[in-house]
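Student: Residue numbers (my numbering), protein chains in the order written: chain A, 40 to 559; chain R, 40 to 559.
Among the hints, a few may not be true.
Treat identical chains as interchangeable: a pair holds within one or across any two.
Below 30 Å or equal to it, Euclidean Cα-Cα: the simulated BS3-like pairs (lysine-lysine) are [stated by the list, open to error]:
#  : residue 1 : residue 2
1  : K512      : K138
2  : K512      : K229
3  : K512      : K316
4  : K64       : K84
5  : K294      : K334
6  : K316      : K64
7  : K41       : K64
8  : K294      : K41
9  : K64       : K294
10 : K41       : K84
11 : K229      : K294
By construction, these hints were calculated from the structure, which means they are not laboratory data.
2 protein chains.
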Amino acid sequence: MKNVLGREIPDTRPGGRGGIEVATKPFAGAFASTPQGAKATRPQKTIGRSDEKVLPSLEAAIEATGLCDGMTISFHHSFREGDRLINLVLDACARNGIKDLRLAPTALFSVHAPVVEHIRNGVVSRIEGSMNGPVGAFVSQGGALRDPAVLRSHGGRWRAIEAGDVHIDVAFIAAPQADRYGNACGMRGKTPCGTIAFSSVDAQYADKSVVVTNDLAPYPVHPFEIQQGWTDYVVVVDEIGDPESIASGTLRLTKSPTRLHIARLAADAVIASGMLKDGFSFQGGAGGISLAATKYVGDAMREAGIVGDFAMGGATTMLVDMLHEGLVRAILDGQSFDLDAIASLRDDPAHLIMDPGFYANYDSRGCATYLLDVAFLGATEVDLAFNVNVNTHSDGQLLHGIGGHQDVAAGAAITMITIPTLRGRLPVIVDNVTTVTTPGEAIDVIVTERGVAVNPAREDLRDRFVSAGLPVKTLEEIKAEADRFIQPPRRPLFGDDVIALIEWRDGTVIDAVRRVEGWQ
Amino acid sequence: MKNVLGREIPDTRPGGRGGIEVATKPFAGAFASTPQGAKATRPQKTIGRSDEKVLPSLEAAIEATGLCDGMTISFHHSFREGDRLINLVLDACARNGIKDLRLAPTALFSVHAPVVEHIRNGVVSRIEGSMNGPVGAFVSQGGALRDPAVLRSHGGRWRAIEAGDVHIDVAFIAAPQADRYGNACGMRGKTPCGTIAFSSVDAQYADKSVVVTNDLAPYPVHPFEIQQGWTDYVVVVDEIGDPESIASGTLRLTKSPTRLHIARLAADAVIASGMLKDGFSFQGGAGGISLAATKYVGDAMREAGIVGDFAMGGATTMLVDMLHEGLVRAILDGQSFDLDAIASLRDDPAHLIMDPGFYANYDSRGCATYLLDVAFLGATEVDLAFNVNVNTHSDGQLLHGIGGHQDVAAGAAITMITIPTLRGRLPVIVDNVTTVTTPGEAIDVIVTERGVAVNPAREDLRDRFVSAGLPVKTLEEIKAEADRFIQPPRRPLFGDDVIALIEWRDGTVIDAVRRVEGWQ
């Protein structure tokens, strides 16, 4: 069937606990669906007064939880490229002869390349979660998953678990510090990684929840990101992750003159929008352009004596500096992207842990992104309908997760996509994006080095930008300018097999990714 | 039928959402039951991106939530004797002609005496919640409730809501500070009351949740004790409660020589028990004797250079002083009992909010009381089987709630009841308690001014106390000594009507309270 964007999606998909095929819900608009009924139930648990939870090894936890063929296991990605736990657990599962697992991490990174081998060997047969890098590339080329992978935004994953769309049998939670009763946090310990609140929904809904730590500390370990009442077992291991590898290449301020120009234009657009006043709020992205734009916005706030209500992120040194300087009253921290952010999360009372439900859950009475004034986001591609792709490249390969892109774009009063028109000689503005991650209706402005395009639905903004002297152009005009310099990209030859579903944050399917069989 | 303690309880009781009669589960032992299946579901909710939640009045909230005859409404008691909200809401319901409400507060106090009039007028027909004072007295004498009242411990109430034993239609949450999106906390604002986490389970499970504040502050109000995602509406009123009335008479250190002697004996018993070492943990009660015993234990810790892992409470100035002095590493704060405790909760990073689920939930993978070394608790009566009554007086009147008594007694490695043998000339040690709140199996030691009685199941403790030279006696011996001075109390003439059920923390019924028809 086709959804409202005209994207061809499968009629059915594996759903719910047993993986039985259910009807696909097609995307019908950013706020078109209304959740019905009730959230899924959570398991009843109890414990004796003197029962102990600490187990000697991951193998012991696999045995104690009853983990077996066909089950779903989950993880958070707060260590990003530094994560050790997913590989450790999958290796242990492989040693125990467990097959056919569904892997439901919040995200996979390059460090999880060994997952490819576990797919080949049948240990992993399905993935629900973002894939950054090699696992996505393997899956794109037809890599032997039994069902299509399912990609969800941060808010969408939380929603899906609460709604019962994903049932987790065993949650494994890398915990930089934990106590013997299973209270755990991410900001303390030998190898702090920032918040681990991504896993709090897993811990509450999973049949069994296992906290894995390399720092068992006296009770009570706090803040209670993961609570004793949810935790079945605690395992102590030597290493869960490397904080030095949390900050990846995307987290550095750009030095490219083109990209700095884009950032400058974006900041000028914020100023021209009239939103920049006391109480201002923004999402500071983690890409190089977004970081620079955030810096320029901070400069403007300082000059104008403006204090923002909150900055949201991916917390970085830059946001922490703004908090310390008094430019924002609070940071809402969904992930901690560098060591300064982790230290601030621990030490600054107004640097607040924000779990993905609070951040971004569609099925709730409001999430934090709905109160954003401005957000800077990236894209691999945008098209003339303002649709944004962040998942695939124009060669068709599935190389990135959704992150909070959908959640922030849907929520922010002004969502700006900050992109160069060319990457190398590949075009970024295209007639139709390879994959729709976020629909054009959620995008207000596209800022490029060749000018600023405003969604026709936001004539108010367009007028303000023109009055302020910004280089406002149509997306068609910007594309035409850029097309003079492009080298036609290699086009993927897609097969019929759907290798991944892209869910909109409400659980409907916004697009399907098909197998790449070759390139023309 | 009779439960395992031989207490006569009704065969059936009103249960679940519709109030249909269900079979009563009889108490079978402190850890005898195992919860089955799953917790109750929580309602799905959503909101538009630009929807507003702030309503102009309680009346508007009553209308918006659809509150009508027969529904269940809930409240927290963090303002204790200073609470304004319950009376305000019931008055508004009465003005709107709403009848037959089930009131499910965490507790009622003397300030809620107007509830009696609402019962008489048919606005309130049922109560599930603790009753301290006039409402309990009214109910004891047959005051026109349609169903028996249900009294639960702090942990038991949380459990019951999660299990679906109590379904809340509309939760009203007094919030000393809230933002327009319904994030709310108790430690800030114009009239801070300490933690309001009692209501977090209400906010999550109620069909509709209304935050009522007298201090609407910029977003995001934190800590997120009540979260935006749970909150349907926000109402701003002039007054929600008076913090000066939180500390009641029970919160003062005793000056009575008899009671100080009991406290001294209790502290000596702690020292003799061998539990007092690094990592020690205790519940500091809020009664005069418990406070004094806590002080003496603190003195012993200071002298011995011992640092405790945590103190739990009812947080008071005394616990705060111990935290500041470094005698304990953390306070787990279930309620804030005075203004110093509220300030410390706000300012001390190791003074931690503890919701009743974390504190005391039987249906969880462990609660904080299970890690207590020692707890000091009170009683209105104890009997020769070590059963404890905290709910009724020997005249049969239901005058007190359970609080955390059951939860702490069941959890602590050593539970000490610190009581005088006489109150005026009324006996405290009796052959059979008027009502069993907490079973003898959960009580280890009873400390009186005439000596220390040890539960026969704890011969290990008895031996240590004897070796330490403590005045160890049997409960029969202590009772015999005290009985020489008593004036026989007026005995209640109970009718057949059950006016209240006392639930054990696992949802079984440990006792039933019958109507007092007169006294002999």
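Student: Run every hint past the structure and note whether it holds.
Tutor: Here is what the structure says about each hint:
1. K512 to K138: Neither, since 54 Å and 63 Å both go past 30 Å.
2. K512 to K229: Result: close neither inside a copy nor across copies, 52 Å intra and 51 Å inter.
3. K512 to K316: Classified as within: same-chain Cα gap 26 Å, cross-chain 73 Å, threshold 30 Å.
4. K64 to K84: Answer is between; shortest inter-copy Cα gap is 19 Å, intra-copy 33 Å.
5. K294 to K334: within (13 Å within a copy, 62 Å between copies)
6. K316 to K64: neither (40 Å within a copy, 60 Å between copies)
7. K41 to K64: within (10 Å within a copy, 54 Å between copies)
8. K294 to K41: neither (42 Å within a copy, 79 Å between copies)
9. K64 to K294: neither (43 Å within a copy, 70 Å between copies)
10. K41 to K84: between (43 Å within a copy, 28 Å between copies)
11. K229 to K294: neither (33 Å within a copy, 48 Å between copies)
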